[in-house]
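Produce the complete structure using the sequences and hints provided.
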Amino acid sequence: MNKSIFTAILLTAGSLSQGYGGESDFQNFIRQVQLPSDGTEGTVWNVTVESSGEELSPLPINPNGARFELHTVKSNPLTGYLLDTKYVSSTVPVAVVQIRTEDPYETVPRTRADRPFNVEISVDGLVSGPDDPEALKKVKLLHHVQSFGEGGDGSNLNRTQATLLGQGFIDSNGDQVLQYLVNSVAGADRSKVRGEERFSVFSLEHPEVDVPESQLDSATVQIWPVADGTISGIAQGQLIDYQVPDVTIAVNDIYPNAQIYAQVYEGNQSLGTEGTVVSGSALIIEESVPQNRVLVVEDWDDVIPKDGVWTIELLTATPFGIDRLDWVTFNVDRVITVNGSVTTTE
Amino acid sequence: MKRTIHGASVGVALALTAIANAEPGAKKSVFRDAETHDMIVKKLKATQNLDPIKKMQPSEGEDPSKKNIPKDLISSSDVISFNGVTTLVPKRAIMQVPENYKARLNNHTPGNKVIGWLDFFRLNRGWITTVEVTRAQAEGKEPLAEGVSEHLSKSQNLIVASYLTGPISMLPQKEKEEKETAEAKP
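Chains as they are written, first to last, in our numbering: chain E, 1 to 346; chain A, 1 to 186.
Warning: the hint list may mix true and false statements.
Taking lysine to aspartate or glutamate pairs in the DMTMM-like style, the calculated list, with each CA pair at most 25 Å apart, reads [stated by the list, open to error]:
hint: 1; chain 1: A; residue 1: K67; chain 2: E; residue 2: D210
hint: 2; chain 1: A; residue 1: K45; chain 2: E; residue 2: E150
hint: 3; chain 1: A; residue 1: K141; chain 2: E; residue 2: E208
hint: 4; chain 1: E; residue 1: K192; chain 2: A; residue 2: D33
hint: 5; chain 1: A; residue 1: K141; chain 2: E; residue 2: E41
Chain E is faced by these chain A residues, among others (derived, beta-carbon under 8 Å) [said to hold, decoys possible]:
hint: 6; residue: D63
hint: 7; residue: N68
hint: 8; residue: G111
FRET-style restraints, in silico, Cβ to Cβ [stated by the list, open to error]:
hint: 9; chain 1: E; residue 1: Q243; chain 2: A; residue 2: P110; range: 53 to 59 Å
hint: 10; chain 1: A; residue 1: K55; chain 2: E; residue 2: R293; range: 40 to 46 Å
hint: 11; chain 1: A; residue 1: E99; chain 2: E; residue 2: D132; range: 53 to 59 Å
What the hints contain is simulated information worked out from the structure, not anything from laboratory work. Cβ atoms here follow ideal geometry from the backbone N, Cα and C, with glycine treated the same way.
Here it is, written out as structure tokens:
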């Protein structure tokens, strides 16, 4: 029996082009590849869609199913990237995988090397009858990790080289949430790993209809390093008796959506103290990959109205909270003492 | 009902719950010193010990993501380029290429911008014609309607098969293919 299925196609064009480092040089293509029951080549249809949104596929799916492929093509040099695939059929189960992080960025799930994330998996269509095919009684969950390498941003990543970290069967319909305290991307310094973790659900091989294990859904989370930074030009305990020195703020691996700034407050360093933002030290970053910045801050006397012990802190505000990257406590004593005497002569 | 498989101890449950309850754009005012390698290693060990997948029925075998990988889009497409823009259609979607347009096929000019099929077709209707086909025709189960083939053969344009405006590959006609196979047999 030829069963028609209309399948919803979800496009996230913006995210995908952004994931490859630019937006204007990429064009996305969606393909529906029919899988005939006799194992021969199937028709290939390029779906005409808007750059984002949802619509139903009007091309009925073969009994053996169809594979939806999301590709993006870079114009120069002409290069194709396979971004995602979904196998859909009237007989295999349906799976939806989503990753939630603390970062509300909608384009692609992303988080930082020290932060947790959740994987939400929904499976439907599994059967459990004694006469039902074994291939339809469970699906396979795979967990892959892949490092972008030092300084890498995921461009030109060969995802067939990802490491399979774990796999297991899901044998019941319903929703479940897998919670991960932190990522597992390889790296000698855990605060500096950058890479991605992919969770994918595959159908099992179905010998009766000659369909191999096929991806039902997958989701990927980007992992970006924890920022580090320094304040230089002023030393711990330094006595300032005239004008504050110029200070240099250097920050590495600023989270893609973050602010950096220096603040000053009276007293010894105390985490969580709100001070006065130093003019010329604030920077807002809205990028798709981490950034490095160096700023020189001059003439910041105005934030130190009186003598005493003061602290300057370098902070970064991210979707995860405010992190202190460095601090320096110093002393200010601007009282001018004149040593001298007054004499008269007659 | 949603099941939750915890990969973390009670000490970290708050952070994980925060994800579940997070409102997009919610402001946080947590101050902390940036976490170091040693601090994150402790979390990693906890994650490894309580990996939720380890609690599932174990699965073995080859990594299916490395088998049956879909074909590369570029090599499985015909690339049409003209006047600074390029698009891709599936192989076998182009039904006819007049001699004077052959240079526009699979000859992507560096600097050209790749655009979607509909945009490309809008710009190039003067020399590209589409033929809407049915699913059965695309699968080679039915021939093209009478007169269409004759009409196409007289056209001076590059002709692309389309299904609901999207380019579609045309498989060889099954009857014709079977007949040719039978004739080839001694």
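The hints, checked one at a time:
no.	hint	result
1	K67(A) / D210(E)	holds (15 Å)
2	K45(A) / E150(E)	holds (23 Å)
3	K141(A) / E208(E)	holds (24 Å)
4	K192(E) / D33(A)	holds (15 Å)
5	K141(A) / E41(E)	holds (13 Å)
6	D63	holds (5 Å)
7	N68	holds (5 Å)
8	G111	holds (6 Å)
9	Q243(E) / P110(A): 53 to 59 Å	holds (56 Å)
10	K55(A) / R293(E): 40 to 46 Å	holds (43 Å)
11	E99(A) / D132(E): 53 to 59 Å	holds (57 Å)
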